[in-house]
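In the numbering used here, each number is its position in the sequence shown, counted from 1, plus 633.
Within a straight-line C-alpha distance of at most 30 Å, the following computed DSS-like cross-link-like pairs (lysine-lysine) qualify: (1) Lys737 <-> Lys991; (2) Lys702 <-> Lys1032; (3) Lys1033 <-> Lys683; (4) Lys955 <-> Lys991; (5) Lys716 <-> Lys683; (6) Lys955 <-> Lys1032; (7) Lys677 <-> Lys1033; (8) Lys1032 <-> Lys677; (9) Lys846 <-> Lys737; (10) Lys991 <-> Lys662; (11) Lys716 <-> Lys1032; (12) Lys814 <-> Lys846; (13) Lys702 <-> Lys716; (14) Lys1051 <-> Lys702; (15) Lys1051 <-> Lys737; (16) Lys757 <-> Lys846; (17) Lys955 <-> Lys662; (18) Lys716 <-> Lys991; (19) Lys1033 <-> Lys757; (20) Lys677 <-> Lys955; (21) Lys1051 <-> Lys716; (22) Lys1033 <-> Lys991; (23) Lys757 <-> Lys702; (24) Lys991 <-> Lys677; (25) Lys1033 <-> Lys702.
Honestly, the hints are just simulated from the structure, not real lab data. A quick note: this is a predicted structure, and the numbers were derived from the prediction, not measured.
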Amino acid sequence: MTITAAAPSLQEFVQHQTEVNRQLWYAVKAQLPGFNMVYGEAAKRGNERKLNEAADWLAASLQRQEAGKGVTPELFREVTGHKLQVLGMDVLGLNHEQLGVFEKEGILEISQQFFDEARRFDPKISSADIFQASRNVWTATYLQILLGLEARLTPSIFGYSMLYPVTDNFLDDPARSQAEKIEFNEHFCAWLNGERLQAANAHEEAVQTLIGKIEGQYARDLYPQVYESLLAIFCAQQESTLLPAAPVSPYAVDVLGVTLRKGGTSVLADGVLAAGELSPAQMAIIFDYGCFAQFMDDQEDVDADLRDQAVTVFSASAAAGKLDDLMNRLFAYARVLLNGLDLFRNERTEPLIELSLKGIDLLMIDACLRTRSHYSRSYLNYLESFFPVHFRAMGGLQKKIDRNHLNIGRILPVLWMK
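Assemble the whole structure, with the sequences as input and the hints as a guide.
Dropping the structure here:
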């Protein structure tokens, strides 16, 4: 008689994979990262000119579109997409196959569909909140492609993505009492568990509706992994919100563990919602990617977290000194961890994977630039060699963007105008 060991529960998987990532984080060598592309002076100046010309064109085009004197919305989207493709090739060194992923997989159409559905669901939702939720839609779409599925906006992906702004807006509302927020979280947990509690207000009704979209696609008895993954991210986020305010003793709380669980379970839920069920190997790679994504978020948010006394690996380290060594560790960690994407490589996914790997390094360097007070001058000079423009030019470009109000809240409504 053959005895087969029971498959680990999702909770056990999260505990195990958190420790795998903890060990990797400490095992990698925190040394200066190497990059494939070096940009010379002439190339940087050429790229700066192209980016400034693109910003000028966008500012003028938005004014014309908003005044009703521009081209048709369809043509505006087409021209904007073409200009972005040219910038991608000329400035970022992407090829036609990599840039063609967006059109081939219908990612722009999915983005517009989500924008329209989000506005129908909540006519008062801001473009900034839609953009925040869209980032989750893009992650889920990315995973659909890696998993060999059709890229599309499913009811569960819409529901999960919209839960982020809907729940955040409630929990961040200063008009809500602490008791109301605690009760809301208790109700939220109960609904994720399948309990039929009555909604206390219109906000809770919206949350119930979004969970209902997931339940409508995935029956609880047939897809238990879906609801286990949703509970896992809920618990991880709760754990994160319960962290004490800074400063805290390095041994008082497991900040690294909280970071890994929060990031890993967030993207794991995207993967499970995309497929309904994942294999252990798929779960591990997707969880790992989420851990890395959380580090990137915390790197970008270091100034806000310091101001708000929020404890993360980056904010705690920044309070003690420069972040050069920590950033080196993140680069090294990412290089090892992202090799796991090879499991998903095939003819369809190759361009998407290469596109993401190229983009990740640039995003990490850009985040260092935007939080440059936390890095040494020598470290920034080193990173600048591998960035397509001079850092000082990025400052000038950002001022132009701010001066012309080229923000998501303004661009999205025009871009997706009917």
